[in-house]
Structures are given as C-alpha cells and as structure tokens.
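J.: Kindly produce the complete structure, drawing on both the sequences and the hints.
Just so we're aligned, residue 1 is where the sequence shown starts under this note's numbering, counting upward by one.
Check each hint, because a few of them may be wrong.
What the hints assert, rightly or not - Listed next, with one range per pair, are the computed distances between beta-carbon atoms: (1) K233 with K134: 34 to 42 Å; (2) P387 with V4: 20 to 28 Å; (3) L367 with Q118: 37 to 45 Å.
Everything labelled a hint here was simulated from the structure, so no lab data went into it.
Because the structure is a prediction, the values reported are computed rather than measured.
From the three backbone atoms N, C-alpha and C, an ideal C-beta is built for every residue, glycine too.
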Amino acid sequence: MNIVKLSFKNIASKPLQTFLTVLILSLSTALLLGVKQLNKVFESQLEQSLHGVDMVIGAKGSPLQLVLSAVLHIDNPTGNIPYKEAKKITANKYTKEAIPVSIGDNYKGYKLVGTTPQFINLHKTSLEKGALFKNSYEVVIGNAVANNLGLKVGDTFSSSHGMLEDALETHDENPLKVVGILKPTQNVIDRLIVTNLESIWHLHEHEENHNHEEAHNHEDDEITAMLIQFSNKMGLLQLPRMVNEDTQFQAALPKYELDKLFQFTAIATKAITWIALAILFVSGISMFVSLYRMVKERAKELALIRTYGASRNTLISLVFTQGILIGLISFSIGVLLASIGLQAIFANIKETYKQQIYLLEYPQDILELLLFIFGIIFIATLIAILPIFKMDISKILSNEN
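T.: So this is what it looks like as structure tokens:
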C-alpha cells in the first residue's frame with residue numbers, strides 16, 4: 001500500500017477544508033518568520049551603525065532626531081552648531097574621541113558628510129580602492145554608493161544643496177572628485193559620501209568667497225554635530241548633564257534614544273507576533289479537525305484496509321503522513337511569502353534610505369520555526385488518531401453505530 005499516494009488522495013478529497021488549513025498555516029508561518037527576521041535585521045543594522053558613539057552633541061531639538069540624522073543618517077539635522085564652541089566642550093578628560101560631522105548636501109539621494117579621517121576608523125572600515133581625501137572637494141565613497149551609481153576612482157560629480165534627491169540647486173562650480181572607495185560594511189557608511197569639513201564649508205560660502213578659500217576663517221564655521229566617545233564611565237555621568245544644563249547645545253545618548261525607539265516598535269512587533277501565534281493555534285485546531293473528521297468519515301475504508309492485513313501502525317502512519325504533507329505544503333508557501341515580503345521591504349528601504357539590507361541567519365530562523373510548527377502538527381495529529389485505537393472493525397463493517 002502506497003501511504004503517500006493514499007494521503008494525497010485523502011487531502012484532495014476535501015479541497016476547501018485543505019485550502020483553509022493550508023492558508024492559515026502558511027500565513028502564520030510568513031508572519032512569524034517575517035517579524036523575527038525584521039527585528040533581527042533592524043537591531044543589527046542600528047547596533048552596527050552606532051560603532052561606539054557614546055554621545056552626540058548638536059543643536060537644541062529632538063534628541064532622537066539628532067541621533068537619527070548625525071549617527072544613522074536617516075533624518076534631517078536639528079540645525080548647526082559653532083565648530084569652535086563644540087571643540088571647547090569636548091576638550092576635557094572625559095572625552096576619548098570627538099569627531100565632527102557636517103551634513104547639508106546630497107548626490108542622487110546619498111548624503112555628503114564633511115568630517116575627519118577618524119570617521120572612517122569609527123565605522124571600522126578601510127579603503128578598497130584609491131586613497132583618503134586630503135584636499136577640498138575630494139571624496140571617499142561608500143561601497144553601496146559606488147555600486148549603485150557606478151562611480152569609480154577619478155570620477156567627478158556635483159552635489160545638490162539640501163537633503164532632497166531632486167533638489168534644483170547644485171554646486172556645479174565646485175565638482176567633487178572621487179579619490180577612494182571604501183570596503184563594504186553593511187552599515188550606514190556604505191551609503192555615505194565622505195569628505196573633509198573644508199569641502200562642506202567651501203560649498204556653502206557666499207558666492208564672493210568661492211575663489212578666496214584661503215581668506216575664510218573656518219574657526220567661525222558650523223558643523224551639524226559632534227560624535228563623542230567617552231574615555232571612562234564618568235563621562236556618561238558628567239558630560240550629558242553638563243552639555244544640556246550649561247551650554248546652548250543638546251547632548252543625546254544614541255543607545256538610550258534607540259532603546260526608547262525599540263520600546264515603541266516592540267509594541268507593534270509583539271502585537272503582530274501574538275496575532276501570528278493565534279493564527280497558528282487556530283491552524284493547529286483546523287488540522288486536528290480535518291484529520292479527526294477524515295478518521296471518523298473514512299472509518300469503513302480504514303477498517304477494510306485492516307482486513308487486508310494492514311496493521312494499526314500503518315493506519316497511524318497514514319494519518320501522520322497526511323498531517324506532514326499538509327504541514328510541508330503550508331510551511332513552504334509560508335517561507336515563500338515571507339521571503340517575497342522581506343525582499344519587497346528591503347527594496348523599499350534601499351530606494352528610500354539608500355541602505356542595502358541583507359537577511360541574517362535566515363536558514364536558522366526557518367529551521368527553528370519548522371521544528372516549532374511541526375511540534376504543533378504532531379500534537380494535533382496525535383489527538384486525531386485516538387479513534388484508531390478504539391476502532392471495532394467488525395462493528396464498523398456491519399454498519400452498526
């Protein structure tokens with residue numbers, strides 16, 4: 001007797017019931033797998049992008065906006081601050097590293113960041129090709145910028161003023177030259193165009209000063225923010241309070257602000273997860289009902305199989321095979337739906353934020369969810385086969401109830 005063939009026949013005999021069971025089981029699989037992967041990917045991306053930035057100093061406003069703009073580069077800055085004053089604040093024993101960043105231009109949606117070479121070291125990457133910027137209007141580009149825009153060392157381009165990709169005002173009089181390409185890191189620096197502070201300042205000088213860069217006093221220029229690494233734990237206790245209470249600037253702690261953000265997003269994530277688990281529970285009940293009804297409605301057919309020499313274990317194997325087939329079909333569809341959905345979300349993120357996102361430990365997530373779902377299927381099937389143990393063959397065949 002071909003158990004697999006007979007199981008398929010039983011499944012096909014109840015198309016509507018099988019469809020509903022497969023539908024809800026595949027939807028719960030897709031939701032659980034998708035939510036888990038999104039959580040893992042986004043947390044990893046944010047943690048990688050922090051790279052030891054303990055505090056950010058910037059203009060007064062939303063501390064979360066300051067972190068998102070100066071550290072993650074996915075929001076507009078809160079404003080500018082005087083570079084000279086920012087350096088005074090960070091000249092203390094609590095500061096291990098103070099890295100200025102100046103933001104204000106973009107090229108085809110990729111942000112131009114004026115900073116120092118320490119910014120590249122902060123993101124734990126190095127040059128793949130070319131050299132670091134030394135002079136004004138020289139830039140080093142992230143790997144995603146190079147790949148997505150087809151830029152190479154030696155190419156030139158003109159940045160646009162502001163954060164909008166289709167901004168009309170461009171700095172055609174001062175083209176930027178690519179002198180280096182960074183190795184891929186899968187974090188925020190992959191989508192940045194990095195140059196020195198002087199390049200940003202020169203680009204935004206008044207027209208009459210464009211040809212007189214040497215006469216400009218850069219001590220009076222502004223930056224968007226200062227990225228701080230503490231030299232010791234006392235820095236965490238002293239510096240933020242000192243900046244917020246005694247200066248015109250604000251200090252934001254990236255880890256604290258992102259933890260608050262995660263608390264808000266966790267509510268939605270948990271809600272979706274619980275909904276998916278509820279759907280999974282319902283699908284387990286649906287599978288139990290489907291298999292139980294099959295055993296009861298096909299009692300005579302199962303009894304005849306027994307009279308032809310099949311053992312009770314054979315009937316049990318038949319029911320379990322049917323449950324496994326439904327589970328495999330549902331799980332495969334669920335994984336397919338989750339994969340398509342995740343790739344669509346990642347493509348949208350790439351289009352909006354210019355950040356390439358990759359799946360993390362996806363096979364492991366699939367395996368863990370497979371074991372969990374098949375545990376539920378096993379329990380549902382185990383309950384459904386109970387009538388087989390109570391089967392009275394002679395009574396069934398004589399059509400007695």
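J.: Run every hint past the structure and note whether it holds.
T.: A quick look at each hint next to the structure:
1. Against the hinted window of 34 to 42 Å, the Cβ-Cβ separation of K233 and K134 comes to about 37 Å, which satisfies the hint.
2. The given range of 20 to 28 Å is respected by P387 and V4, whose C-beta atoms sit roughly 22 Å from each other.
3. Take L367 and Q118: their Cβ atoms lie about 42 Å apart, and the range 37 to 45 Å holds.
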